[in-house]
Every structure is written in C-alpha cells, then in structure tokens.
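> Fit chain F with the ligands to the given chain S structure using the hints.
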Amino acid sequence: MDRRESLKSMILGSMAVGLTLESCVTETAPEVIEDKIWKYTYGRTPKEAAFDEDLLLDQFFEDQELQIIKTLANLILPPNEQGTIEQAGVVEFIEFMAKDVPEFQVKIRGGLMWMNGYCNTHYQATFVNCTEVQQKELLDKMAFPDMEAEEQVQEVQFFSLMRNLVLTGYFTSEVGIKELDYKGNMPNVWDGVPQDVLEAHGMSYDAEWLAKCLDPDTIGDMAQWDNEGNLIS
Amino acid sequence: MQIIESQKIYDVIIVGSGAGGGMATKVLADAGLKVAVMEAGPFFDPANPEQRTQLKWPYESPRRGAGTQRDFGEFDAAYGGWNIEGEPYNNIGDTKFDWFRSRMLGGRTNHWGRISLRFGPNDFKAKDRDGLGDNWPIGYEDVKPYYDKVDKLIGVFGSNEKRYNDPDGFFLPAPKPRLHELYYIKGAKKSNVDVIPSRLSILTKRINNDRGVCFFCGQCNRSCSVYADFSSGSCLIFPAQKNGGQVDLFVNSMVSEVTIDEHGKANGVKYINKEDRQQYTLKSKIVVLAASACSSARILLNSKSEKHPNGLGNSSGLIGKYLHDSTGTDRAIFVPELMNRKRYNEDGVGGLHVYSPWWLDNKKLDFPRGYHIEVWGGLGMPGYGTGFNPNDLNKHLGLTVGGYGNGLREDVKKFYGSVLGMSGRGESIARKENYCEIDPTTVDEFGIPVLRFNYSWSDFERKQAKHMHQTFEEIGHNMGGIVLGDAPGKDKDYGLLNPGRIIHEVGTTRMGSDPKTSVVNEFERLHDVDNVFVVDAGPFVSQADKNPTWTILALAWRTSDFIIEELKKQNL
Ligand SMILES: Cc1cc2nc3c(=O)[nH]c(=O)nc-3n(C[C@H](O)[C@H](O)[C@H](O)COP(=O)(O)OP(=O)(O)OC[C@H]3O[C@@H](n4cnc5c(N)ncnc54)[C@H](O)[C@@H]3O)c2cc1C
Ligand code: SF4
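One line per chain: the protein sequences are S and F, in this order. No gaps in the numbering here: position 129 of the first sequence is 129 in this note's numbering, and each next residue is one more. No gaps in the numbering here: position 272 of the second sequence is 505 in this note's numbering, and each next residue is one more.
If you are wondering where the hints come from, they were derived from the structure by calculation, not from laboratory data. In this text the structure is predicted, and so the values were computed from the model without any measurement. For every residue, glycine included, the Cβ atom is placed at its ideal position computed from N, Cα and C. One should not assume that every hint holds.
Stated by the list, open to error - Cβ-Cβ distance ranges computed for the label pairs, FRET-style:
#, chain 1, residue 1, chain 2, residue 2, range
1, S, 211, F, 425, 16 to 26 Å
2, S, 174, F, 543, 52 to 62 Å
3, S, 226, F, 443, 23 to 33 Å
4, F, 282, S, 220, 23 to 33 Å
5, F, 423, S, 102, 41 to 51 Å
6, F, 237, S, 51, 30 to 40 Å
7, S, 174, F, 629, 24 to 34 Å
8, F, 632, S, 63, 31 to 41 Å
So here's chain S without its partners, still in its complex pose (with noise of 0.2 Å):
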C-alpha cells in the first residue's frame, strides 16, 4: 500500500469524517491529520464521509493553477480588516468544488488557461506573473456582463463563476458571516422584529394579531386548552 493509501485507510478505520486540505497531504503528519480531522463533522452517513474524505485526499488543482486562483480571488475580493481570502480558506473551498461539482472541472482549467494565454499574448508574462496594473486590464475585459446579450461571452461566464465561488466562499467562512453580520445559529427567543427596526420601516404589530403570539416569558409552561381550544396557560 502506498503512503497515500494506507493514510486513507487509517483515517477510515478512525471514523474520521473528513480533514482539511493540504496542498501536500501526504506529507504531512498523522497527528496533524488527526489534530484537524474533527474540523468537518456534520453528521454524514458513513457513505458520504467517505466520499468527502475521497474528494480531499485528492488533488485537482496543479499548484501553479492554485495560484492563479490565489491571485485572482484576491483581486475579486482584496485583503481589507474585516478578513482575506486566505482567512476564508476560499482556495481551498474553490479546490473542493471542482471535485464536488465535475462539471467546473473544464470551465476553471479552461479559463485559467485562457487568461494565462491573454497575458502571454499582450504582456509576454503568464497572469501571475503580470503587474497588477495589467492584470486590472484583463479583469475588466471579463468582470462586465453585456445587459443586452442572450448569452456571455466564456471568459465573462468563467469570471462570473470565478466571482460566484470567491464571494461565497468568503460570506461562508467565519470572518465572511461576521462581515456580514449574521447573528443567528444560537439559541435564544424570538421576540419579533426590534422597535427601531419596526419604526424605521414604518411598520407596527397590530395588537390582534399580537395576541395570538407567544409570550417569552410562559415559553417553559406546560400548554393547557379549554374545550374550545383557547389556550388558558
């Protein structure tokens, strides 16, 4: 059994239900593998953690394709305080879906390739190797839809795609949530919509409708009806 293999199988045999990528997963210890295999549980069946742990243990991207991801992700989304793409893990994200979703496959390679072939043409350099300046040029010949087509041009769909699985990369991972300002997945009590938002649009409870609403404070009491269905707790 190869190293690759027989690191598989034990995480297998360890009910492990995924671990994080690393661009050279068979370089790297057991104990890290270990220390970060807990980072993806989320209640699979055996069958789809296994199917995770596949698509991880393999790698689509050729590292120098990873880095043009790199650049371009961090050209769609730039680094600023509230979080980077590398923060958000979005290279990794991008990576997996590729295995996730197959049908990426040819579209991202595809595209890459291309912008590798423009840069090459007009700046002699691959895209990496650009100057930001020219690498801005190229963006904008593919960051704008054209409103009145039926259908985009393939380097606007490819950014498109590109720009789709940048941001919601980013809007997933936890400094993208806490940018966003998403303050739910906790437990607590709805109370309805807090009066100044109320006020701000405009907007009031009316109170006969109010009435039919749960009270916070009586949330632990035990229901009790009368004949009719009022509820009298």
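Frame of chain S, contents of chain F with the ligands only:
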C-alpha cells in the same frame, strides 16, 4: 438463495416509519400489541451527535452546505432525495414525475416543512361543489376528533380564526411575524388577500416533559436535537418504546411484498436485510402499510399470487391510479426598502410565521380549486450560494452590474435580506390517467421491480398557476417591491413545477365505499383483504390545498383505533 424465516408472530407488522407508520406504532404499541416496524433506511435520532447537523456553521462543511450530496443542501436531514442510488424509477413517454424519498427511521418527517393544516369540511366533499373528482366517503366530522388529538399529542402552533374551511384546533401560540413577513402582510392586505399566523408542528410551549421547547434556530429541516419539532422517530416511535411498548425496529430492511396464507389473507412480509443482502420473512396477524403513497402501492402491486393476480388488494385495478401532488410555483420579490437592513437575529422557527389560506371563491374563477401562499425571506444563515451574482439587483437601481474589488463586499451586505419570495401551493384534480405502475423492464438493486410514472397537468392546474403569478405580482407591487423575472407564460405551463416537486404525492390506494371504484374502505382497510391497512397518503381521495401530513396522522390514528376495536371484537 434461501429465505430465512422467523418463528415469532407479531400482532402487527408496520412497513415504513414516517408519519403514518410512526402514528400506527405509537397507538398500537400503547394498546399493548406486539409490533414490528420495518424501515428501509438506517436508524436515525436527531439528538445523536454523529448524525446531527443542527447549529453547524457553513464552514464546517468543505462544500459550505452546497447540495451536491443532499438535494436541499448538505445540512438538510434527508437521507435520500429525488434520486437514490440503486433504487431507480422511470417515467412513461415524455411525462415527468419527480419522486422524493427518504430512507431513514422517521422517513420524511425528519426534514419536512412542518406545515400542519387540517382539511376543512369542503375539502372532503369537493365534488359536491364542482362535480370534479370524487368525494371522500368520510367527512370533516369523522376526522375532527383525531385532528384534535394529534394537535395535543404532537403540538402545533397557530391561531383560531373561525374560518369555516380552515378549521380551528388546539394551537400553541404563534411566533410574531418577521420583517419581510410584515411587508408581505402589507402587500397582501392591500390586495385583499387574507393573511394569518402559520400553522407548524413546532413547540412554542411545553406539551410534555420528554420534548424540549423551540429555541428558534430556524433549522427544522435539519431535524431538531431537542425534539421541539415533529419527527416521527423522536415524537412517536421513541415515546412508544419508552412507554414500555413491545416495538421491534427492523432498520435497513426493505420490504418487497406482503405474504399471504392459503385463504388469501396476509400473514406477514418478505424483506431484504440490506446489511447481509439476504431475504427474510416475518409473520404477523395484521399488516399495516405506511411506506409512503407510491411505495405502498409498489409493495401491493408486487405482491402477486394466484389469489391476487393483479397484486394484493387490486381487484379494482386502481392501485397506483389517481396519483396526485399539490401544484406549485414560486416568485421572488426585491424590496428596495429592505436594503442595508439593520442586523438582528431573525432565525425564528424553521419555516414561515405567516401564510395566506385560500381566500377566494372558485365559482367566480376559471379554475376549480384553491391554493395557499407561503412566504420566505429574511436575514437567514449564509450558505453555499450566498454572494452569487452579488450585484445583479443593481440593474433595478440603475447601477453597474458585475465588476470586482471591495465594492462587492458592500453589494453583498447591501442586498442581504432584501429579497423575499412567495410560493403558491394548490389543489390539483385527482385523475385516473395520472398513475404509477410496476415497470416490468427494471428492478432495483434488491431485485424488486420498480415503479414508472405517468403524470401530466391539465388546464385546471395551469390556470390556477397563472392566477398565482398574477397574485404574486399584485402583492409584490403593493408591498413596494419589484417583482423579479417575467411571469412564466403558457409555453412554460405558467411556471407549474413538475408533478412530484411539491412532495405531497397522494391517492394511489384511494378510499371509497365501493370496492369497484376504490382500494381501501373508510378505515383504510383493503376491500379485498381485511387484515391489510394502508396508513400513508395512498388513501387520499383528494388533498385540498392543504399539505397532507396532519391528515395522514389523524387518519392513521383513526385506523389504529379501528384495528384495536376489531381485535377486541375478535374480528381480526
Ligand atoms: C422537503 C419536504 C418538505 C415537506 N413539507 C411538508 C409540510 O410542510 N407539510 C406537510 O404536510 N408535508 C410536507 N412534506 C411531505 C411529508 O414529508 C410527507 O407527507 C410525509 O412524510 C409522508 O409520510 P408517510 O408516512 O406517508 O411517508 P414517509 O415520511 O416518506 O415515510 C415512509 C418510510 O417508509 C420507508 N419505506 C419505503 N418503502 C419501504 C419498504 N419497501 N420497506 C421498508 N420501508 C420502506 C421509507 O424509508 C420511509 O422511512 C414535505 C416533504 C419534504 C420532502
Ligand atoms: S426552529 Fe425550533 S423546533 Fe426548529 S429545529 Fe430550531 S429549535 Fe428545533
């Protein structure tokens, strides 16, 4: 291969552990019967940390929740979906029926929408009003006591509104509307469309000491680890066991047919244990089918014998016929006033807080049956797809679409929570020409012949969908919103989703008093075989625009009571 027989004889074998099977298990086991529950999927308990997805963050999945493995996203609780590996189904000609199945203890009740609506008096007798389809042999008054009991046993929030055809019940208090729901109310009122608190089987107050109360995470489709929403496993089957019931659970056990004795009566089932892939038989005095409408029809049709050459209970030739699903079409509305919203925790319960029950009179319309409107939107948890087409809505504001750079961060934040949607869910007419049947050309991986479907919509449904879009547009404008996209035209069936897509498939073993025109009687008992019952949605004669599950539960309880009575009288 040899069939492995079990010597034990159960009082009842229940096939399927979803809504119908769970209810039958609870009532029959509580009555002291020896029950075997056969479930094709694995054991599932939403409280099990290894199976739990509730309260997970998107970044806990390497695909950030994308729906590549599970149709409604990776955190959804369904083990199954539109397609299940190794268990195909087919469509006849160019008709299209999409079949959603879950394979797990509790079935689809683990991840369903929890919309829990009683049928009204009109709904059981629809033919009386428009001459279409058939009446049920029973009426609201027969089912009402069971709806009442289901409300109290399982719990449902809502409000008593004194609407004749949307009967009152025993409701827990409703959650207050969210902001986008207030916009919906505003638009609906101006359009003369009624709006009332929604009715979902979620505990907004304690109903017993075994189940927790909702903590408002908005994730019921992930199944609630504190059992605050209704799932068949956590709320019926586990309590039946805990109550000392004699319940043997056979999970990963795929029933292929009902077996019969020399008199043509059922005496058990044949099943395949998915773990060792061997065939087994299990014996019982009574068989209760609850494998979901189409799966139960399939089992009966596959139970062929000399005594029952067309399949068990199929002397009428009607098993599989009259298959019908709810109609459905959706529309999204962009509300500029909801841009740049102030943030707060708006998760609420895992579903809508308000809805519009059918508010018009079909006599004045060009389509015979009604629909209700469901509302969605809000400051929900980001997931795969958040940030897609980040500034497409700019075109409505005269601003640039596309681009790159940190301006995109602002676009995503600006539009977050500014789009809401409406879904119309309507009643279709049950027709004999819409059916499922055994496909002699295909078997599943267990060697069991599979189903093929033949289902098309008629103009009744198309005209209804057209009306839905007109309503959506009116409400959308009246709330100050911009209705997105064009109304789908005739070429697109006015946006009607494929049959099956609303996942309310019913009618395949329909109820009636005449054995020539129906499969089961009013107690869901096969006309042909008196110890076989069907307690899923197969017996539905029609299904109103009300989602089916509350009625499945009420009827399963009623049938279980009947079984107990018959046993007492030694009629079974
Ligand atoms: C996403 C979604 C949202 C929904 N929302 C709502 C809603 O808001 N309101 C509503 O009323 N309804 C809703 N429904 C529909 C609701 O889930 C079903 O009506 C209900 O679960 C049907 O109950 P059942 O007992 O007939 O079947 P199921 O719940 O489907 O259970 C059937 C069980 O039988 C098992 N089974 C099947 N074949 C065999 C076999 N051969 N041998 C052994 N076991 C077998 C299956 O594995 C399954 O566990 C929704 C469904 C989905 C998928
Ligand atoms: S919304 Fe309430 S009932 Fe639904 S899963 Fe969350 S806590 Fe449970």
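> With reference to the structure, classify each hint as holding or not holding.
Hints and how they fare:
no. : hint                        : in the structure
1   : 211(S) - 425(F): 16 to 26 Å : holds, 23 Å
2   : 174(S) - 543(F): 52 to 62 Å : holds, 60 Å
3   : 226(S) - 443(F): 23 to 33 Å : holds, 24 Å
4   : 282(F) - 220(S): 23 to 33 Å : holds, 24 Å
5   : 423(F) - 102(S): 41 to 51 Å : holds, 48 Å
6   : 237(F) - 51(S): 30 to 40 Å  : holds, 32 Å
7   : 174(S) - 629(F): 24 to 34 Å : holds, 32 Å
8   : 632(F) - 63(S): 31 to 41 Å  : holds, 38 Å
Checked against the numbered hints listed earlier, the structure breaks none of them; every hint is satisfied.
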